Amino acid sequence: MKSVIFGSGVLAIAAGLGVYAWQANTAPTPCGNTSVAGAAIGGPFELVSETGETVTDTDVITKPTLVYFGYTFCPDVCPIDSMRNAIAADILADEGVDIGTIFISVDPERDTVDVVRDYTDNFHPEMIGLTGSPEQIREASQAYKTYYRAVEGDPDYYLVDHSTQTYLMFPETGFATFFRRDTPSEQVAEITACFVDQLA
Amino acid sequence: MTFPKLAPLAVIAAMAATSAMAEITVTDAYAFETAPTAMAGGGFLTITNTGDSDDVLTAVQADFPSVQLHTTEFDGDIARMMHLEAIPVAAGETVTLAPGGMHVMFMGLQGNPLTAGDEISATLVFEQAGEMPVTFDVVARDTADSHGEDRGHNHDQNSHDHGNSHDH
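Read top to bottom, the protein sequences are chains A and B. Quick note: the first sequence uses this note's numbering, first residue 1, plus one each step. Quick note: the second sequence uses this note's numbering, first residue 1001, plus one each step.
Hints in this document: simulated from the structure, not taken from any laboratory. Predicted model only: the values in this text are computed from it and were never measured. A portion of the hints provided could be inaccurate.
Chain B side only, calculated, beta carbon under 10 Å to chain A, not exhaustive [as the list claims (entries may be wrong)]: (1) Phe1032; (2) Ala1040; (3) Gly1041; (4) Gly1042; (5) Gly1043; (6) Pro1065; (7) Gln1068; (8) Thr1072; (9) Asp1077; (10) Ile1078; (11) Ala1079; (12) Arg1080; (13) His1103; (14) Phe1106; (15) Met1107.
Using N, Cα and C, we set each Cβ at its ideal position, and we do this for glycine too.
The shape of chain A in the complex, shown without the other chains:
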């Protein structure tokens, strides 16, 4: 049962509350962490790339990729999570495993192409930052069953509640697993490498 709420305010966007349902429905994966039983996570999306071009999921997920939804106005949680993912990619690169990292903004009002590109370059030169129209972002968020909601308040300095899982996606097979934000970079790297061995 998935409920979708659209607030009356311009900024109030709820992208789906199904996340609560599937978190309780997890089982161990062959690579040791938890996965989602029967959940269809991911799928087609259309967003705007760091060069302003419209891109689809198949354009940007060309190798095993860690996908995270956040917003650049977030000074604390999003940078910690993004840096964790960037470090995991570096650890894997040292081991000869090539993965990608993607940051998808859930704040289309403020996160322009330039802002998202600079933000992601700050964490990793190859991290891809994606933004888009409110509709494009809502659809991408719904595909990944993430939650976000802009808190009403100051038009310039409002905050956005959002889910913080990072998804490990593969180009052919799609969703492999997800990582909670308390999973350290070393463990993200280790589990990702395990899935790469199995699936790539």
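Put chain B on the given structure of chain A with help from the hints.
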């Protein structure tokens, strides 16, 4: 990270000369560098109330369009960021604003990003202790993690030496 112990004590000594109620000590004030087009940055610090009466941090003032106290609460895997009107610092207690929890939000950076090596001069406003100057050191985010960064093909060390003492 560690902050040289003597510098803040010197600040406190200076404060004590002007305020009989200066029972607050502030240490480890830092902020992470931001991207060039960043709109906001987070600041962190440790506040200790060495006095015998409770105090409350009610504001942080700095030269940005807006500065607020924020916290992050987690509802499962959903992060909810909230504006705090005040942060209590009870007598004898230490309150730490650290990544993943409470932080100072420096907002409206547009065009003036936080750069590693810079300092942010700010004023903490306490109900009892009054105004207290504090300097946030802007540090590279890489140093917040123990993992040796290799993005610059340098496996040896982090890019700054902010008082870390594990090497001789």
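Now for the hints, and whether the structure bears them out:
no., hint, in the structure
1, Phe1032, "holds (7 Å)"
2, Ala1040, "holds (5 Å)"
3, Gly1041, "holds (5 Å)"
4, Gly1042, "holds (3 Å)"
5, Gly1043, "holds (8 Å)"
6, Pro1065, "holds (8 Å)"
7, Gln1068, "holds (8 Å)"
8, Thr1072, "holds (5 Å)"
9, Asp1077, "holds (5 Å)"
10, Ile1078, "holds (5 Å)"
11, Ala1079, "holds (5 Å)"
12, Arg1080, "holds (4 Å)"
13, His1103, "holds (5 Å)"
14, Phe1106, "holds (8 Å)"
15, Met1107, "holds (5 Å)"
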